[in-house]
Amino acid sequence: MSEQKIADYDLKPGFKGMATDTGSDQTMFKGVHWGKAMMWIFLLSDTFVFSCFLISYMKGRASTPIEWPYPSEVFALEVFGVSVPLLLIAIMTFVLITSSGTMALAVKYGYEKNRKMCGWLVLATAIGGLTFVGMQAFEWSKLIHEGVRPWENPFGAAQFGSFFFMITGFHGTHVSIGVIFLFIYAYKVFAGHYDTGKRGWFTSMKGDYVEIEILGLYWHFVDLVWVFIFAFFYLW
Amino acid sequence: MSDEIDNKQSILAQSSETMNEYSGSKAADVDYVRPAEVPDQDLYHGHSFITKWVFCQDAKVIGVQYFLTAVFTGIVGLILSWLMRLQLGFPGLAGFMTAEHYYQFVTMHGMIMVVYFLTALFLGGFGNYLIPLMVGARDMVFPYVNMISYWMFFVAVAVLMASFFVPGGPTGSGWTLYPPQAILEGTPGSGMGILLMLISLSLFVIGFTMGGLNYLITVLQARTRGMTLMRLPLTVWGIFTATVLAMLAFPALLVSSIMMTLDKVLGTSFFMPTILKAGEVLEYGGGSPILFQHLFWFFGHPEVYIVALPAFGIVSDLISVHARKNIFGYRMMVWAIVGIGALSFFVWAHHMYVSGMNPWFGFFFATTTLIIAVPTAMKVYNWIITLWRGNIRINTVMLWCLGFIVTFVNGGITGIFLGNVSVDVPLSDTYFVVAHFHMVMGIAPLMVIMGAVYHWFPLVAGRILDEGLGKWHFWITFLGAYSIYFPMHYLGFIGVPRRYFEMYDSPYMTSAIGMNEFISLAAFIVGAAQFILIYNIIKTLKTGKPAGKNPWKANSLEWHTSTVPPEHGNFGDRLPVVHRWPYDFSVPGAKEDFIPQTTPPSEVAHTEVEKT
Numbered sequence: 000m001s002e003q004k005i006a007d008y009d010l011k012p013g014f015k016g017m018a019t020d021t022g023s024d025q026t027m028f029k030g031v032h033w034g035k036a037m038m039w040i041f042l043l044s045d046t047f048v049f050s051c052f053l054i055s056y057m058k059g060r061a062s063t064p065i066e067w068p069y070p071s072e073v074f075a076l077e078v079f080g081v082s083v084p085l086l087l088i089a090i091m092t093f094v095l096i097t098s099s100g101t102m103a104l105a106v107k108y109g110y111e112k113n114r115k116m117c118g119w120l121v122l123a124t125a126i127g128g129l130t131f132v133g134m135q136a137f138e139w140s141k142l143i144h145e146g147v148r149p150w151e152n153p154f155g156a157a158q159f160g161s162f163f164f165m166i167t168g169f170h171g172t173h174v175s176i177g178v179i180f181l182f183i184y185a186y187k188v189f190a191g192h193y194d195t196g197k198r199g200w201f202t203s204m205k206g207d208y209v210e211i212e213i214l215g216l217y218w219h220f221v222d223l224v225w226v227f228i229f230a231f232f233y234l235w
Numbered sequence: 000m001s002d003e004i005d006n007k008q009s010i011l012a013q014s015s016e017t018m019n020e021y022s023g024s025k026a027a028d029v030d031y032v033r034p035a036e037v038p039d040q041d042l043y044h045g046h047s048f049i050t051k052w053v054f055c056q057d058a059k060v061i062g063v064q065y066f067l068t069a070v071f072t073g074i075v076g077l078i079l080s081w082l083m084r085l086q087l088g089f090p091g092l093a094g095f096m097t098a099e100h101y102y103q104f105v106t107m108h109g110m111i112m113v114v115y116f117l118t119a120l121f122l123g124g125f126g127n128y129l130i131p132l133m134v135g136a137r138d139m140v141f142p143y144v145n146m147i148s149y150w151m152f153f154v155a156v157a158v159l160m161a162s163f164f165v166p167g168g169p170t171g172s173g174w175t176l177y178p179p180q181a182i183l184e185g186t187p188g189s190g191m192g193i194l195l196m197l198i199s200l201s202l203f204v205i206g207f208t209m210g211g212l213n214y215l216i217t218v219l220q221a222r223t224r225g226m227t228l229m230r231l232p233l234t235v236w237g238i239f240t241a242t243v244l245a246m247l248a249f250p251a252l253l254v255s256s257i258m259m260t261l262d263k264v265l266g267t268s269f270f271m272p273t274i275l276k277a278g279e280v281l282e283y284g285g286g287s288p289i290l291f292q293h294l295f296w297f298f299g300h301p302e303v304y305i306v307a308l309p310a311f312g313i314v315s316d317l318i319s320v321h322a323r324k325n326i327f328g329y330r331m332m333v334w335a336i337v338g339i340g341a342l343s344f345f346v347w348a349h350h351m352y353v354s355g356m357n358p359w360f361g362f363f364f365a366t367t368t369l370i371i372a373v374p375t376a377m378k379v380y381n382w383i384i385t386l387w388r389g390n391i392r393i394n395t396v397m398l399w400c401l402g403f404i405v406t407f408v409n410g411g412i413t414g415i416f417l418g419n420v421s422v423d424v425p426l427s428d429t430y431f432v433v434a435h436f437h438m439v440m441g442i443a444p445l446m447v448i449m450g451a452v453y454h455w456f457p458l459v460a461g462r463i464l465d466e467g468l469g470k471w472h473f474w475i476t477f478l479g480a481y482s483i484y485f486p487m488h489y490l491g492f493i494g495v496p497r498r499y500f501e502m503y504d505s506p507y508m509t510s511a512i513g514m515n516e517f518i519s520l521a522a523f524i525v526g527a528a529q530f531i532l533i534y535n536i537i538k539t540l541k542t543g544k545p546a547g548k549n550p551w552k553a554n555s556l557e558w559h560t561s562t563v564p565p566e567h568g569n570f571g572d573r574l575p576v577v578h579r580w581p582y583d584f585s586v587p588g589a590k591e592d593f594i595p596q597t598t599p600p601s602e603v604a605h606t607e608v609e610k611t
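Line order of the protein sequences matches chains R and Y.
Read in numbering that gives the first Met the number 0, the first sequence has 31 at position 32, and its numbers run on one by one without any break.
Read in numbering that gives the first Met the number 0, the second sequence has 599 at position 600, and its numbers run on one by one without any break.
Only chain Y is shown next, with the shape it has when bound in the complex (with noise of 0.2 Å):
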């Protein structure tokens, strides 16, 4: 017992020299925080134009070389998606496309999306730019790993983009890569198509582990004083958990790449069993095709939750600061995120239900699949609760996040028929899965990016959007995006197999004549509608209202740096020093309706804020 009060004690002496040092005030004992425990990061500042902006060490920056590279291919796979829809809506108006077009349209936009947009978007983009400045920290904590990982996803991108170009075009064998018929001739871009996407997969993983390994020790071991993990914005949490997966999921991806590229080039059989081909037999055999969709769904499963955790936790984020009321549930949020990461390891195999597999393996994943909505839902109830009797601002970053919660929920009730073998079997490769993954991967994600697009645009560029071009931009969205995805469930009922090319005189689907012709008209508004932010973005960098500091009134540290947009090494001379969570809204006695993380308690002495 001495022992501990002598250590009390000593621990009071020192914390009053601390404070003393550092604020220069009158010592409080509440506000005393642990000193530092490393030295302060020693950066590498760049001196010309290519240091500063190309091959830049800047977190910052790499994040938005990241964005913009993910938005250019986004934009690639947004005028494919119109390309297929053309066809599907209008089959025969475009010319040139031929089924080999089509499939090879497929194939790039779902894997351009999951891959190069989403994944690159989420982890790349809005991880590179917040982690470090959510954190408390100067800058990821090997910046030049961290530019390497960049300049990697660029030529990864960039022999992605050669693969248009090469004879045969881009490999057409869906985004699965399923073999046999991915490697065989008569699969569109079977030759160089496909070895250009094997290795640009690849060069992706690498890239990606670079950068994955920074984040996580960036939010493992280079926090600021006081910033304990249940200190730190949701957001961060699901780019964390999201880099997790990502690291022990993009390997199986990897050796899948690395044995099919074999296979394709060396003439091995992994993945490859015996084949007759027009009467004569290949020279491959006795390999096993089962074990490139196990090894992929591997990888493919927790994908999805790469994409969709950060939105989970962006979105937590952009509710509590709009609503002006602390996130519902915080722990219980942390938590979720946590288990979801985890249970997203035992679920792969419900993407194969339809491989032969043995039914009780199936029954198996079933059970798995569909127990990964209990944590789903926790977060969507505790999303709802945070927005209940909240001072609600129905702004653009609002209206994005209603449209997230929406969007989701409806994607994740379709997932509860998908998940289940019985009900998946018949509805399986129709477009009742094309809308459930759309919903709920696609546009549910992408209403997040678009939330957080405007929320923190301020911070990078010192301008806030414009908020009535936001609207037209976002109803555009919201409202067109269901009619593509609501009438597909419909189609998917009727039986409409996906991945079709043409549907010719199919008798008993005349309804879907007239529903693809619709969807297709939406489709191209919607997609139209994403230039509305473009346009939004550029004339704001020209013209937009000065954000200045804190324009939102978040807590967070982010929107309390020395300087905004932030410098090189984020926060000046002096690392702030964190006294709570970022979600002290409308605490009942205090002056404002926020109090930032960095304010001591001994500031907000009588209020009634949470103890974290």
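Okay, chain R solo, but in the shape it has when bound (with noise of 0.2 Å):
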């Protein structure tokens, strides 16, 4: 449906062109599939959840009077009896990232029709997804080896293990419910269910490679919300 020409319509840019649309019948988002236009609705709302995590994040540091736990210490790797600052995180950040950048390229040849191509990419950024929630377990894992738990934390404040494991909890949540749907995507692709149209088990609905682009939205979005967890938490 992307590729799609507007009926007897003229698309002008800008301003005038949003008013026109907006003014217009049938569509206000022209030429836009369903689908992505809720998945971007979806997010603003997500959007919501998690400024709402972060903004109880920063009340909660701030307000409490027990002193906050020094991030480049706690979240420090030993590598060879020499400590690193965030040296895990900045792997994590890095494996994510690309993955956001795969997911992109995935999006292009979806469109190309390139089912090959497109199915590897997407099998690429599921891999990158995994791997980022791996080294998240093992982060979570070395903290609580070192006794932060959510209601408390050898380092300062209890705040800071509560904050942490709910905020990236969730985070991660979001990345494995994005891992999971890439797999099955990537699956659909390479059976070729989006050049055929084959109808989704549950939905009953005509696959389409929009679908891949859907979930890329949904995939960025996820790695946009880490940069800004990456910034409070690590950097803060």
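Be careful, since some hints might not be right.
Unchecked claim - Examples of chain R residues lying across from chain Y (beta carbon under 7 Å, computed):
| id | residue |
| --- | --- |
| 1 | I5 |
| 2 | M27 |
| 3 | A36 |
| 4 | F52 |
| 5 | K58 |
| 6 | S62 |
| 7 | S140 |
| 8 | I143 |
| 9 | H144 |
| 10 | V147 |
| 11 | P149 |
| 12 | W150 |
| 13 | W200 |
| 14 | T202 |
Stated by the list, open to error - Each computed BS3-like pair below joins lysine-lysine, with the alpha-carbon atoms no more than 25 Å apart:
| id | chain 1 | residue 1 | chain 2 | residue 2 |
| --- | --- | --- | --- | --- |
| 15 | Y | K276 | Y | K263 |
| 16 | R | K29 | R | K205 |
| 17 | R | K58 | Y | K263 |
| 18 | R | K115 | R | K187 |
| 19 | R | K35 | R | K107 |
| 20 | Y | K610 | R | K15 |
| 21 | R | K187 | R | K205 |
| 22 | R | K205 | Y | K51 |
| 23 | Y | K541 | Y | K51 |
| 24 | Y | K590 | Y | K548 |
| 25 | R | K11 | R | K35 |
| 26 | Y | K276 | R | K197 |
None of these hints come from the bench; they were simulated from the model.
Please read all numbers here as calculations on a predicted model, not as lab measurements.
Every residue gets a Cβ at the ideal spot worked out from N, C-alpha and C, and that includes glycine.
Mind docking these for me? Both chains are given alone in their own frames, and the hints should help you get the complex.
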């Protein structure tokens, strides 16, 4: 549907175009797939979820009477006897951002109907996401091993552990859901469901490569949220 | 210039083709409507009892499912209010009623009525049923997600109801669930009760998000040919804007529920300060209870408008149809709805004037709160001007609408008292507040719901509800509601605090005793009167007068479907094409006093229709 022409309608650029589109009949976002518009609005709502989490974190960190732990020490990784601050997080962030790149390429090849390339790139994105979740599990277990718990931590304010586990956990859940869908979609691409328009098992809707883009939007959003979590937890 | 002329000519050429293709009549350029942008929706038709009536993807069935589930919870809420009034009017009469039970009933009554009854009824019930019909779509854009939305709501209700049966009973912390008391021992239901409440709320938010996405995209992207945003019935505008609010406000509720669940289950201290209990320091410490209040009211205030805006929209349509007049100031009404929606995100702390906040902060929120009165008053004036010199039919629907206007103005005026910090502080936590919010967001939206039920029942069931019973229902409810809430204002002025289990022997409040008895009796009668409607519905389903097509002679698309009640897919083979707004009533020069939205301009060439 993304390739489709807008019947008898002049698309104009800029604010004028926006006003014309808003005043027109049928659709407000011309040529935009329903699912894609839906994902954008879902992401707006999800932005509010993460904003509430991060604002609560700021409030909690600002108002707790006990000192906040020093992130470069808490999140340091010992390599060959040298403590390197934020090493694991740097790798995690790199992997996640790279997976955003492979996702973008998958969308491109999807629209070119290049089944093989699209499938491999979706699979690569899924593996990137899985690596991220794996490293997060490692980080969690390291912190738990050092005695950090949601209700207490040996480095300072108890809220550090609470907010850290809650917010990275919530983000990690988002990544994990994304990974599950990436694997499913990789299978669907390889099986050619998007070329033949095979109907979804649950939804009974016809398959289309636009679904790859919709999942891509979600994936980029999850990466963007990570950038904020990274800044607020590890750099502040 | 020449390009433009060329364009116009090509449009003319195409339009005559389109007209020939679509209507087969003589080509008339004034009737031109752009061809469809997207192919017709591809629907999954249920083929068994389960896929047709239980796990159904048809928005109309989902709407009815939402409606019935919400009404069920509403009846539970009604019974709880009876029990509360029994205790307040006649303390000690019900032997089983302890203070703990009373708090639990207050809490559950509030939460059920606001979230599980009104929100679900307006957005889930009316939203699902009316949006696709009114915008001219075959169904919601993603029917499968819509179905899941209802079943999530169903599970949320089941979890909520389960909390009545767990050890300790449901939570009794007040519907605002303020920590730290909500999760500490000593508050009724501080164990499983509060936990189930928080889980149920989270499920509700997740389920609602799925439905809400559908409502929004159906309005934005799935309108029929010719249906511009400014030709939508105000019902759709109200539900649409309320859904936008819900999508942005419910996240705060979800986050606060998750954080409080963790405080309860894992012993984190997000909202829990250092607490001394019986001389011992609890394990909690360092958290901020005020943070919860901010999160809760960032959800809680828009929630008021999530309930009110659909009511505003629906009542506008009902008044217009039954006064046979176009709604006065349609665009003003739309902008007022959008404006109220936007402003509702900047007023939340007026619920927290007594939380110890800085008075200047309170001053800011008092200002924004009072600004909301401007678009709201605009709407009230427009409803009244719509009625003015209208061809008013005093039927049950119109009575409910008039009842709404009166009640809403009444509740709105007391809102001006409470919006000001200096007036609110002495009135805070008295029955004045109870009277205010029940008038403005309890009774007023309920009046609209009742009006909407009498109005759209002929569409849903194909039969007209009995007018005689309807009028009894209205007058008992209307006069009864005033008998309940008018005296409550007075109770508030003499300082009767809300949420108290019993007044005991307060010497300065003797006048409250008789008044409480009177209020309770009125509450029993009003509650019982609601069963008139249920009887009316059952009776009408069996022996009611068949409605036929478009019994109210309305213009909007839902009354112009191929069959009544509309089947799955709504409009038969061909989607309707819209040429005008839905308010062309009593147009001078027209044959009848209404011109449906689908009537092309060439058919009413000699009338003075408004250009929309």
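*Pair hint outcome, K276 of chain Y versus K263 of chain Y [Cα-Cα no greater than 25 Å]*: 16 Å, holds
*Does the structure keep K590 of chain Y and K548 of chain Y at a Cα separation of 25 Å or less?*
Roughly 18 Å separates the two Cα atoms, so the pair holds.
*asked:* Against the 25 Å threshold, does the CA-CA distance of K187 of chain R and K205 of chain R hold or violate the hint?
replied: 12 Å, holds
*asked:* Hinted pair, alpha-carbon criterion (25 Å max): K35 of chain R, K107 of chain R. Please report holds or violated.
replied: 16 Å, holds
*Taking the least C-beta to C-beta distance, is V147 of chain R closer than 7 Å to chain Y?*
12 Å, violated
*asked:* A36 of chain R was flagged as interface toward chain Y. Is the shortest Cβ-Cβ separation under 7 Å?
replied: 5 Å, holds
_25 Å limit on alpha-carbon distance, applied to hinted pair K58 of chain R and K263 of chain Y_ = Cα-Cα ~20 Å, so holds.
*Have a go at the T202 of chain R hint: is there a Cβ in chain Y nearer than 7 Å to its own Cβ?*
4 Å, holds
*Are the Cα atoms of K276 of chain Y and K197 of chain R separated by 25 Å or less?*
Not OK: K276 of chain Y and K197 of chain R at ~63 Å, beyond 25 Å, violated.
*asked:* Checking one constraint from the list: CA of K115 of chain R to CA of K187 of chain R, max 25 Å. Satisfied?
replied: With a Cα-Cα distance of about 11 Å, the restraint between K115 of chain R and K187 of chain R holds, given a limit of 25 Å.
*Holds or violated: K610 of chain Y with K15 of chain R, Cα cutoff 25 Å?*
The hint holds at about 22 Å.
*Once the shortest beta carbon distance from S62 of chain R to chain Y is found, is it less than 7 Å?*
Result: holds, 5 Å to nearest chain Y Cβ.
Checked against the numbered hints listed earlier, the structure breaks hints 7, 8, 9, 10, 13 and 26; every other hint is satisfied.
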